[in-house]
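Heads up: the protein sequence lines correspond to chains H and Y, in order. For the first sequence, the working numbering gives the first residue as 1, with consecutive numbering after it. For the second sequence, the working numbering gives the first residue as 220, with consecutive numbering after it.
Please note: incorrect hints may appear among the correct ones.
[Unchecked claim] Under the rule of at most 25 angstroms between Cα atoms (straight-line distance), these lysine to any residue pairs were calculated in the SDA-like manner:
| hint | chain 1 | residue 1 | chain 2 | residue 2 |
| --- | --- | --- | --- | --- |
| 1 | H | K3 | Y | R285 |
| 2 | H | K69 | Y | L287 |
| 3 | H | K67 | H | P133 |
| 4 | H | K69 | Y | A295 |
| 5 | H | K3 | H | T51 |
| 6 | H | K99 | Y | E291 |
| 7 | Y | K301 | H | L11 |
| 8 | H | K69 | Y | E293 |
| 9 | Y | K301 | H | I23 |
| 10 | H | K69 | H | A179 |
| 11 | Y | K301 | H | K67 |
| 12 | H | K69 | H | L115 |
| 13 | Y | K301 | Y | E291 |
| 14 | H | K67 | H | T51 |
| 15 | Y | K245 | H | P133 |
| 16 | H | K99 | H | N158 |
| 17 | H | K69 | H | A215 |
Because the hints were derived from the structure by calculation, they are not lab data.
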Amino acid sequence: MRKLTTPFIVLSAMMFLSAPWIINATRYESTMGLVQKVFYFHFPSAILFMTAAVICGINSVRVLFWKNKQADVWALSAAELGFLFGALTLVTGPLWARKAWGVWWVWDPRLTLSLVLWMIFGAYLLLRQYGGPGSDRLAAGMALFGMANVPFIYVSVNVWRTLHPMTSVVPTLPYDMGAALWFCFTAFTMLFIALLNLRASLEFQRLRVEELYLAEDEA
Amino acid sequence: MRLLRVMTMVLVLGTVPATAQPQPPKGFVPAEEVPASEQIPAINLVAAAYGFVWIAMLGYVWSIARRLRTVESELAALESRKR
Numbered sequence: 001m002r003k004l005t006t007p008f009i010v011l012s013a014m015m016f017l018s019a020p021w022i023i024n025a026t027r028y029e030s031t032m033g034l035v036q037k038v039f040y041f042h043f044p045s046a047i048l049f050m051t052a053a054v055i056c057g058i059n060s061v062r063v064l065f066w067k068n069k070q071a072d073v074w075a076l077s078a079a080e081l082g083f084l085f086g087a088l089t090l091v092t093g094p095l096w097a098r099k100a101w102g103v104w105w106v107w108d109p110r111l112t113l114s115l116v117l118w119m120i121f122g123a124y125l126l127l128r129q130y131g132g133p134g135s136d137r138l139a140a141g142m143a144l145f146g147m148a149n150v151p152f153i154y155v156s157v158n159v160w161r162t163l164h165p166m167t168s169v170v171p172t173l174p175y176d177m178g179a180a181l182w183f184c185f186t187a188f189t190m191l192f193i194a195l196l197n198l199r200a201s202l203e204f205q206r207l208r209v210e211e212l213y214l215a216e217d218e219a
Numbered sequence: 220m221r222l223l224r225v226m227t228m229v230l231v232l233g234t235v236p237a238t239a240q241p242q243p244p245k246g247f248v249p250a251e252e253v254p255a256s257e258q259i260p261a262i263n264l265v266a267a268a269y270g271f272v273w274i275a276m277l278g279y280v281w282s283i284a285r286r287l288r289t290v291e292s293e294l295a296a297l298e299s300r301k302r
């Protein structure tokens, strides 16, 4: 997996560079016009934001029940990426909403639950940074709440009345819009995988440094 | 007596013909020209969204690279000391 990091970063950088031309070539949406093009970056960010919550949650289960040190590294890395992709989602969304809905923000279920998930990631990272000994298990418990939030975020637009487009929008996209979306999604996903690997390798090296300091103290 | 007066008033007001009330508009009337205060340039919002994504991504990649360099140099120093 680590061998893929450099090619993934290079490939996703090339895709990000060519994305504006591909997005520009797609047709305008009939009611929203130009601002709908925010969708091509907003949707991948949002999906990876939820993916990060699931990765963090699954690894936190391994931390809580099997005290797996490696899983803790992956959980922490996913939480940091979740915070990043959550910020991208929560910034691009209101920029789109301001034109499409006339307001920056509405307290509708999807937006509110997404904000809650982002705050859970924020709390997780603060806890890991400043919580001291034992904070890894406490943070892992918090990550479970984050993961439990994901299905509610996903189905919220179909279950409750909301201004947000429903999940049926993506499968029914016309060819040009769909192609641009999946192109951007691939670029985002490759970058996500590469960053997750890099962040995890950073944490593994930190663990190695800690081990060496402990060995020095014992000697 | 007072109750009777109130009831009479309610009845009288209730029978006011619907035509006396202000009528809701039958349809939307399109404006000839959108006032400048109501126009939000979409290009600014799209540019801000894409710009933020680019800056955040590049910032995060730079942050990871910087942290990796620091840890790698610390690790190298510790391992050479161990030898």
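If you check each hint against the structure, which ones fail? The structure breaks hints 6, 7, 9, 10, 11, 12 and 15; every other hint is satisfied.
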